[in-house]
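**Q** Listed below are the residues making up each chain.
Protein chains: 4
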Amino acid sequence: MSHVYRLVISCPDQVGIVAAVAQYIAEQGGTIVEANHHTDQANGWFFMRHEILADSLSGGLEAFSEGFEAIGKAFEMQWYVSDSAKPKKIALFASKESHCLADLLHRWHEDELPGEVVCVIANHDDLRSMVEWYRIPFHHIPVTPESKPQAFSETEQLVEQYGAEVIVLARYMQILPPQMCSDYSGQVINIHHSFLPSFVGARPYHQASERGVKLIGATCHYVTEVLDAGPIIEQDVIRITHSHTIDDMKRLGRDVEKTVLARGLRYHLEDRVLIHGNKTVVFAD
Amino acid sequence: MSHVYRLVISCPDQVGIVAAVAQYIAEQGGTIVEANHHTDQANGWFFMRHEILADSLSGGLEAFSEGFEAIGKAFEMQWYVSDSAKPKKIALFASKESHCLADLLHRWHEDELPGEVVCVIANHDDLRSMVEWYRIPFHHIPVTPESKPQAFSETEQLVEQYGAEVIVLARYMQILPPQMCSDYSGQVINIHHSFLPSFVGARPYHQASERGVKLIGATCHYVTEVLDAGPIIEQDVIRITHSHTIDDMKRLGRDVEKTVLARGLRYHLEDRVLIHGNKTVVFAD
Amino acid sequence: MSHVYRLVISCPDQVGIVAAVAQYIAEQGGTIVEANHHTDQANGWFFMRHEILADSLSGGLEAFSEGFEAIGKAFEMQWYVSDSAKPKKIALFASKESHCLADLLHRWHEDELPGEVVCVIANHDDLRSMVEWYRIPFHHIPVTPESKPQAFSETEQLVEQYGAEVIVLARYMQILPPQMCSDYSGQVINIHHSFLPSFVGARPYHQASERGVKLIGATCHYVTEVLDAGPIIEQDVIRITHSHTIDDMKRLGRDVEKTVLARGLRYHLEDRVLIHGNKTVVFAD
Amino acid sequence: MSHVYRLVISCPDQVGIVAAVAQYIAEQGGTIVEANHHTDQANGWFFMRHEILADSLSGGLEAFSEGFEAIGKAFEMQWYVSDSAKPKKIALFASKESHCLADLLHRWHEDELPGEVVCVIANHDDLRSMVEWYRIPFHHIPVTPESKPQAFSETEQLVEQYGAEVIVLARYMQILPPQMCSDYSGQVINIHHSFLPSFVGARPYHQASERGVKLIGATCHYVTEVLDAGPIIEQDVIRITHSHTIDDMKRLGRDVEKTVLARGLRYHLEDRVLIHGNKTVVFAD
Chain F
1 MSHVYRLVIS CPDQVGIVAA VAQYIAEQGG TIVEANHHTD QANGWFFMRH
51 EILADSLSGG LEAFSEGFEA IGKAFEMQWY VSDSAKPKKI ALFASKESHC
101 LADLLHRWHE DELPGEVVCV IANHDDLRSM VEWYRIPFHH IPVTPESKPQ
151 AFSETEQLVE QYGAEVIVLA RYMQILPPQM CSDYSGQVIN IHHSFLPSFV
201 GARPYHQASE RGVKLIGATC HYVTEVLDAG PIIEQDVIRI THSHTIDDMK
251 RLGRDVEKTV LARGLRYHLE DRVLIHGNKT VVFAD
Chain C
1 MSHVYRLVIS CPDQVGIVAA VAQYIAEQGG TIVEANHHTD QANGWFFMRH
51 EILADSLSGG LEAFSEGFEA IGKAFEMQWY VSDSAKPKKI ALFASKESHC
101 LADLLHRWHE DELPGEVVCV IANHDDLRSM VEWYRIPFHH IPVTPESKPQ
151 AFSETEQLVE QYGAEVIVLA RYMQILPPQM CSDYSGQVIN IHHSFLPSFV
201 GARPYHQASE RGVKLIGATC HYVTEVLDAG PIIEQDVIRI THSHTIDDMK
251 RLGRDVEKTV LARGLRYHLE DRVLIHGNKT VVFAD
Chain Y
1 MSHVYRLVIS CPDQVGIVAA VAQYIAEQGG TIVEANHHTD QANGWFFMRH
51 EILADSLSGG LEAFSEGFEA IGKAFEMQWY VSDSAKPKKI ALFASKESHC
101 LADLLHRWHE DELPGEVVCV IANHDDLRSM VEWYRIPFHH IPVTPESKPQ
151 AFSETEQLVE QYGAEVIVLA RYMQILPPQM CSDYSGQVIN IHHSFLPSFV
201 GARPYHQASE RGVKLIGATC HYVTEVLDAG PIIEQDVIRI THSHTIDDMK
251 RLGRDVEKTV LARGLRYHLE DRVLIHGNKT VVFAD
Chain W
1 MSHVYRLVIS CPDQVGIVAA VAQYIAEQGG TIVEANHHTD QANGWFFMRH
51 EILADSLSGG LEAFSEGFEA IGKAFEMQWY VSDSAKPKKI ALFASKESHC
101 LADLLHRWHE DELPGEVVCV IANHDDLRSM VEWYRIPFHH IPVTPESKPQ
151 AFSETEQLVE QYGAEVIVLA RYMQILPPQM CSDYSGQVIN IHHSFLPSFV
201 GARPYHQASE RGVKLIGATC HYVTEVLDAG PIIEQDVIRI THSHTIDDMK
251 RLGRDVEKTV LARGLRYHLE DRVLIHGNKT VVFAD
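If you're matching them up, the sequences are chains F, C, Y and W in order.
Letter by letter, the first sequence follows residues 1 to 285 of full-length UniProt numbering.
Letter by letter, the second sequence follows residues 1 to 285 of full-length UniProt numbering.
Letter by letter, the third sequence follows residues 1 to 285 of full-length UniProt numbering.
Letter by letter, the fourth sequence follows residues 1 to 285 of full-length UniProt numbering.
If you're looking for bench data, these hints aren't it; they were derived computationally from the structure.
Even for Gly, the Cβ is constructed at its ideal location relative to N, Cα and C.
Be aware that a few hints might be false.
With a straight-line Cα cutoff of 16 Å, these simulated EDC-like cross-link-like pairs (lysine to aspartate or glutamate) come out [said to hold, decoys possible]:
{"#": "1", "chain 1": "F", "residue 1": "K279", "chain 2": "C", "residue 2": "E210"}
{"#": "2", "chain 1": "W", "residue 1": "K96", "chain 2": "F", "residue 2": "E110"}
{"#": "3", "chain 1": "F", "residue 1": "K89", "chain 2": "F", "residue 2": "E116"}
Short derived list, chain F residues pointing at chain C, Cβ under 8 Å [said to hold, decoys possible]:
{"#": "4", "residue": "F195"}
{"#": "5", "residue": "R211"}
{"#": "6", "residue": "K214"}
{"#": "7", "residue": "P231"}
{"#": "8", "residue": "E234"}
{"#": "9", "residue": "S243"}
{"#": "10", "residue": "K279"}
Please construct the entire structure, taking both the sequences and the accompanying hints into account.
**A** Below, the structure is given as structure tokens:
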């Protein structure tokens, strides 16, 4: 993986944005290794992402950002530049089911995940040994109806303490308090085991079996205060038949869940996801 | 395609069904070319389908059926035998959009569809010439809020007159009256342009765009009195991105719609679909 | 569909290309509705495609192209601008099998295909009536081992006479003479009924059955002098099992063949495919 | 998971097999929970698999098998009965790449894999710690051109010592000696990182990149003496574009490889795979 800076922009659409941005990058000597644009014509909004070789910018990231401010202002941009050498810090939230957690930890261990797992927080202690094999701090914070406020206050403190920039609900099975959803807006990623918006809420495979669908799915989305209704990052499905029991669906579903979560998280970590309203622009590679 | 009889059975599950059926078929000298069983263990129900070479049954279909009655009674079976040489008669219902209709007509023309298209009934006249090229009778019955009762009475009369055993709503865009749904229960097949149960009702691609899903789909299902809620026969999806407009989704969706409808209809025509409650057992080949 | 100009570029990679191009488009007042870049870092080559709203260029296509020449020269670009209002002329070549031909004709008839079908040339007369229903000229040019040179000379004459810019081998089942392959390099599109490079040549479904694969596929590719070895535009697959006969594979395969051909052809017609060596860059939407 | 016996049969096709088998199972009081037949009409061969509830057979497995011998002889069957309570013993062979091994170990740990992993044998020591966390014996047997005969003799000894009935080459990257292939015919399962028969042998992703394919795949197959040419159990593919480098292909491919291997192995462990010639019948659930 090359060392790159990622310039991510969204703003009202108008003529001249691409030229201004490209011109600026060229002036700085920037070598573009990936570039994506998208114009949402219905809403008149423009989205853009560049990967620029870090070594090609003689002035470094700070000078680049400083110089870009004028353009950002002129076009009323929301923009930022991130540095692939400073991977985002990730807190993984888990419960008892291990498939998503094990999958992410393994990818991280093999340097496939472009982020840094800083801790695992779980409401059960079952997965401690697995996590600790990876030498990642494991925190067991049980959540009961009574302890919930206290538990989440502790949880938030830990997240802050570790400086986590991304929270991944890897089959966490708890609903975050609304305040936490809004504090970490656009930073909490969930995997829901259905093809949303079908089968919101609990026991989606039971709901799917009840309805007799022929495909089951999984959805990776940002968490908002409305249950399972946040912006969707990635989805996928797998075929089932009448012969599959709910246990079979769980088994088959696990493979989809972990793949979809890993893909969605990777997009987020590489700043490929731009949220706009309740939808996402995903500049997948 | 070989000439086969299809023995289709559903009944309460118990030991000895397969033996009794297989024993009977063997006694008749029947060569089985395809056999499928399914036990719904949660509900204690058994499903079975055999394809038997017609030539291998010396006594013919009638004798075979007569002799089977004792077994059917003993095991409280719902059962029937169909004859691949007597393809089901199909009435296609259409509106203005041609992709599903054209696809089915072409498959029928190429002998791919194991059924006989006996007429097309449409609430607009646009597709007449296309249908008539295939030398299939085309009936234009407009449906307005006022004319609806009269229109559907005429429609039902036509269906009866042609002896149609299957009604296919090939993007018909009209809701059948409840009476017709129950009269033709298990015989009316619809294609809905979403991955049900997501996006029931009108303009599913608009709903999908609104929600920001990353896959769009189509669902082939039996029509019941509850809109888009009947037993699902077949579904499939296709990937979309943020860059696809609703028009793009319509274009991409058409390919899924026609494939899913053709597959689902084929299953029905070959007696591969067994309805049980609001779900289906599909013995796909 | 908006009226757009498509600026398509490939050239050696270097800093400043994007800026120069974007700057020029902005100077001309061009509204970019779609933009794609790709840098082939292994080979140091750069690819780019823009869709620009025609109405936004006050000077029109000619002035735009003229002004661009300096940039093209400076960066050693291979480039062209095409006009969506002048759809490419297509000659469809067919034999006896109708599924791909019928599919393309129907898409064209429904204004889904961004091209103009100018004629059908077939080595059998079977599909004449179907083609003529669409009011497209049908030419029957039989090809036998003896008549081949004469037949293809006639064929080329027709292609020229109609001004066809794209030749689509819609299951044509004949091998074009090498001279024709090189005369129409990058303009002849074939659909091969396997997942190339598996099962080159005749009877790919028989080869697939022999090998016992669990997926069958189709490949849309440019025709070169080497059989089934030209640059691949698009591929897809469908799952099969041990229970599928070669006839089943043909039936299932037809759905993949026609979808893959339609997709690949659409990419070509919208100038989304850039050939480089024996590979393609496809800026799919 | 219920405790079941699996009766697996293949024999020349003739009338009466199903009846005889079903009759026998019914006589023994057997409750069938899953049944599959397949007739290969081209070759006149019949395949059959039943899952029978163990508790429903009053006489137990031995009596059932003994009684079945007459039927087996009468129909010239190759047959066996396996016991789900005696899962097959698995030796996993690995090298340096961990994704397939980690995936299988995790599935085994979560009781998803219906087999018993008895040891891991690797030609590098890198994965020792991961394996030992699962408390599975890890054996490091380096393989060099010189040491090969000695190394494989040691390897075979270990396999025998552990009583392994299945050998899984989880990206083992070594070619087994022909003798070992034939000694363990039908018991060695490999995952090849291409859609076979495309890209046999070394570096299939490089071959795929060279050819410019638009999908990459993985193939789970039995190992025979001919490289990458044994009977295929399972395959799948994933879409790539021109923008994916070989490293991207490796990353994307890993997800397909591990899923395809896990599926294929599961089929084998549950006696769902019947080898016939160089092809398989897979009675997937």
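**Q** Looking back at the numbered hints, which does the structure fail to meet, lowest number first?
**A** The structure breaks none of the hints.
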